[in-house]
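Trainee: Spelled out from the first residue to the last, the chains are:
Protein chains: 2
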Amino acid sequence: MAQLVKDIVSRDVDFGAWYTSVIKKADLVDYSTTKGSMIIRPYGYAIWEKMVAVLDAEFKKSGHQNLQMPMLIPESLLNVEKDHVAGFAPEVAWVTQGGEETLEERLCVRPTSEVLFCDHFKQIIKSYRDLPLLYNQWCTIVRWEKTTRPFLRSREILWQEGHTMHETSEEAKQETKRMFHIYEKFQREYLALPVIVGKKTEKEKFAGAESTYTIEAMMYNGYALQNGTSHYFGQNFAKAFGIQFLNREQKLEYPYQTSWGVTTRMIGAVIMTHSDDYGLVLPPKIAPVLVNLIPIGKDTDILEKIQEIAKMLRENDITTTIDQSEKSPGFKFAESEVKGYPIRLELGPRDYENHTVTLVRRDTLEKVTVSFEEIVMEVKKLLEEIQNHLYQRALERRNAMLYEAKTYQEFKQIAQEKPGFIKINWCGKTSCEEKIKADTTLKSRCILEDEVAEGTCPCCGEKALYKVYFGKQY
Amino acid sequence: MAQLVKDIVSRDVDFGAWYTSVIKKADLVDYSTTKGSMIIRPYGYAIWEKMVAVLDAEFKKSGHQNLQMPMLIPESLLNVEKDHVAGFAPEVAWVTQGGEETLEERLCVRPTSEVLFCDHFKQIIKSYRDLPLLYNQWCTIVRWEKTTRPFLRSREILWQEGHTMHETSEEAKQETKRMFHIYEKFQREYLALPVIVGKKTEKEKFAGAESTYTIEAMMYNGYALQNGTSHYFGQNFAKAFGIQFLNREQKLEYPYQTSWGVTTRMIGAVIMTHSDDYGLVLPPKIAPVLVNLIPIGKDTDILEKIQEIAKMLRENDITTTIDQSEKSPGFKFAESEVKGYPIRLELGPRDYENHTVTLVRRDTLEKVTVSFEEIVMEVKKLLEEIQNHLYQRALERRNAMLYEAKTYQEFKQIAQEKPGFIKINWCGKTSCEEKIKADTTLKSRCILEDEVAEGTCPCCGEKALYKVYFGKQY
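These protein sequence lines are chains A and B, in that order.
Here our numbering runs 9 ahead of the position in the first sequence, where the first position is 1.
Here our numbering runs 9 ahead of the position in the second sequence, where the first position is 1.
Excised from the complex, chain A in its bound form:
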């Protein structure tokens, strides 16, 4: 046990090193010769598949259709919308050669696909009868990041990008909100992540958008992780691309657009929120394997009983794995903890005699002894408890790191001394946002739309228009 665990630095000592150990030791990722890109190993990819299955069903239930766009974008197409290209051109990878031939026009590997969708929308939207168009795509994107960290910031990212077109501005705005609500609900119910939803400032919004809504999660160390965004574009791209439809009054009009996306970064958020010094901790709803069964000793009766219990659990839709390796029980227990199986089931000779097993829940490491007959019921109960407990624990920790500052002095002091998010009044000026960043390294997380600002901006003293959270970010 000591062997496996001793290599994991405590998350309270060095959070970055701890994170790297956990993702490596739990076999979630491996580094690749392709610099800045990661290999998502089967155990990590299985988590992504679980996330995809739930979200994809939600998207379809809400009327969205999947499709597939090209992955390469001609430079001239990327250049159509001015703000967009200004935001993305500095961080894209360029294909300049195809086979032996030097291309006449460079192609970038998609960093996001708004321009490709608009190019297509222009072909297929003729009338209000063609609207709304509710599209989604699961794919890989590339952004040429300088510093990378597996799941959180990578040159290649697995994600989904929704792209929709609407008849009216209201409908498009509703779509923007509907989707961040789906994200928020998914992250709460499945990932056990408490998140704050709000609007990005002008400075932080998506390149080319009219407004961007963000899902802000807080990691164990108080850092913010932008864990999903939903954009309202108004008619910006439609005008740039000349997309028009014949409206109900038989007049040509530009449609209203949205886009929204979440990425494999969600896996990083889950790890940085729930895991501990023993390794990975996964919410049962997205854990690829729920119960790890460990036979103690080599007694045939015990091995047979373990197989029987595993079968019984699988028949109740509870995924299992059995550790029948030659390793010592202590090593197996540690490995089970590193891998973050929500429940470990131990069966040794004494248990066998008593017709009982020991269940160990991964979140608290608490043990409980249950009879053979009670296993399925108890496992189901525990899984539910773990799921709920992870959310509550994360919520309490997060809430304990939410601050509000009245004066700039107070703000700077909290920023320096305490990890977490700090709420302040804000005048709305980018200059104040930039000054705050320069003074404290904190960036605006989001504008809280449901809260009313009173008084003045602590930075410049002018009238406050918004309540905003600031925080350090990944």
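Because the hints were derived from the structure by calculation, they are not lab data.
Check the hints yourself; a few may be wrong.
With a Cα cut of at most 30 Å, we get these calculated DSSO-like pairs of lysine-lysine [claimed, not checked]:
| id | chain 1 | residue 1 | chain 2 | residue 2 |
| --- | --- | --- | --- | --- |
| 1 | A | K70 | B | K336 |
| 2 | A | K341 | B | K135 |
| 3 | B | K44 | A | K91 |
| 4 | B | K415 | B | K481 |
| 5 | B | K69 | A | K69 |
| 6 | A | K70 | B | K314 |
| 7 | B | K34 | A | K131 |
| 8 | B | K70 | A | K294 |
| 9 | B | K376 | B | K294 |
| 10 | A | K155 | B | K131 |
| 11 | B | K212 | B | K444 |
| 12 | B | K34 | B | K336 |
| 13 | A | K131 | B | K341 |
| 14 | A | K33 | B | K131 |
| 15 | A | K320 | B | K69 |
| 16 | A | K44 | A | K155 |
| 17 | A | K294 | A | K390 |
| 18 | B | K481 | B | K44 |
| 19 | B | K135 | A | K34 |
| 20 | B | K389 | B | K69 |
| 21 | B | K421 | B | K446 |
| 22 | A | K294 | A | K70 |
| 23 | A | K472 | A | K212 |
| 24 | B | K389 | B | K314 |
| 25 | A | K307 | B | K70 |
| 26 | A | K70 | B | K341 |
| 27 | B | K69 | A | K59 |
| 28 | A | K69 | B | K336 |
| 29 | B | K135 | B | K69 |
| 30 | A | K34 | B | K248 |
Given the structure of chain A, go ahead and fit chain B onto it with the hints provided.
Mentor: Structure of chain B alone, referenced to chain A:
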């Protein structure tokens, strides 16, 4: 009706133009500004999703795990295996710039991922206990094709690539066969495609492989479509990459490798095999929508009944769509045929009075009148019949275009006069294969492993070693 259909050139007049019309009019694909790449529209992508679901379950059932590798490969990594790089380097897209910076080393967009998997295998394979490794990845690849055709040959391709490593040569060879059997069964049972499975010649095998097995489908026009491959690599890549494991005798040994893949090309094969001059025809097992319900007239009772029938069908796991547009019945019928819904259900005033509906099966366009009570039963029966009939029809057509030639004269004559595959004895020399191609444009499809060659090669007169099919290809 005429309007929609008249734009589809008959497949007997111009097969290429017919294919292009069908895929466009059925809303399967659209062309993109990114030259050589296609947009797979929702209806086309839904077919792919159905294929993926079945295959993915098969792969998992047979013990394979999904993961995700980077999409970019450093040039030096691509260069490790000599035959492989020679085969692929001429047709890859190169990323040479990242953001503002010119890269020190070019990266190619993966044309296939053997080298990435080997690079990873080298890190994780230590002992025979780590074997077999049975991996699969769903992703997009890029091959810089000069001439492209949607689904059949595109610069960007959606596919799956399986990559496995084994302790023994036998086990790896078995894996190669197991996977092409899974492909063959899937194509027969789901895509209703009769296929011929065999071994590729030295000239046609995968770059770097020891042997390649291929799934050869025959299109309506007699052309061959390579519709899946499974490769056995022996220790070629393992040696090139220095991948070794400690075997059961505690000695270092190179593991044995396979890879196998199918692509969105399967959608093209389905279209070119089953569709007709009225548009798309889809095997029910991969059709995104099984029944298209068309109310005739605007009678509220009829509209309500249609909704009720649709609900009843959905409750029986039969997917539906209702055409409630303003278009004329004739236009709706034509559209239903263009889109290839396996069954069209019509309900007009007279039907309603008689408590009946009309069912039209897409494969034969035959009509049958059934009572309200019989709908579900009859639809289920028809779907099964359509699935079987499509396979039988394709099989008979294919068999009628299989020839065998004894002399080179006979071979050349059939090649010139009749579309299809021609079987001949072959000496095994690449020079004969090349001469045949030069004389007739026909390429070898596959060596028939279960058939014994007798006599001489009709091309050179030397002793025949194999029976081989030749054919024109896409």
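Trainee: Now tell me if each hint is right for this structure.
Mentor: Comparing the hints with the structure gives:
1. K70/A with K336/B: Distance of about 27 Å is within 30 Å: holds.
2. K341/A with K135/B: holds, 19 Å
3. K44/B with K91/A: holds, 23 Å
4. K415/B with K481/B: Status holds; Cα separation ~19 Å.
5. K69/B with K69/A: OK: K69/B and K69/A at ~24 Å, within 30 Å.
6. K70/A with K314/B: Holds: K70/A and K314/B sit about 24 Å apart, inside 30 Å.
7. K34/B with K131/A: holds, 17 Å
8. K70/B with K294/A: Satisfied, since the Cα-Cα distance of roughly 22 Å is no more than 30 Å.
9. K376/B with K294/B: Judged against 30 Å, a Cα distance of about 21 Å means the pair holds.
10. K155/A with K131/B: At roughly 27 Å apart (the allowed maximum being 30 Å), K131/B and K155/A satisfy the hint.
11. K212/B with K444/B: Holds - the C-alpha atoms of K444/B and K212/B are around 13 Å apart, at most 30 Å.
12. K34/B with K336/B: Judged against 30 Å, a Cα distance of about 17 Å means the pair holds.
13. K131/A with K341/B: holds, 25 Å
14. K33/A with K131/B: At roughly 16 Å apart (the allowed maximum being 30 Å), K131/B and K33/A satisfy the hint.
15. K320/A with K69/B: holds, 18 Å
16. K44/A with K155/A: Holds, because 10 Å separates the two Cα atoms, which is no more than 30 Å.
17. K294/A with K390/A: holds, 13 Å
18. K481/B with K44/B: Measuring from Cα to Cα gives roughly 26 Å; hence the hint holds.
19. K135/B with K34/A: At roughly 16 Å apart (the allowed maximum being 30 Å), K34/A and K135/B satisfy the hint.
20. K389/B with K69/B: Holds, because 29 Å separates the two Cα atoms, which is no more than 30 Å.
21. K421/B with K446/B: This hinted pair holds, its Cα atoms lying about 11 Å apart.
22. K294/A with K70/A: holds, 19 Å
23. K472/A with K212/A: Satisfied, since the Cα-Cα distance of roughly 19 Å is no more than 30 Å.
24. K389/B with K314/B: holds, 19 Å
25. K307/A with K70/B: holds, 28 Å
26. K70/A with K341/B: With a Cα-Cα distance of about 26 Å, the restraint between K70/A and K341/B holds, given a limit of 30 Å.
27. K69/B with K59/A: holds, 14 Å
28. K69/A with K336/B: Roughly 27 Å between the alpha carbons, so the hint for K69/A and K336/B holds.
29. K135/B with K69/B: Cα-Cα ~24 Å, so holds.
30. K34/A with K248/B: Holds. K34/A to K248/B sits at ~28 Å (cutoff 30 Å).
Checked against the numbered hints above, the structure breaks none of them.
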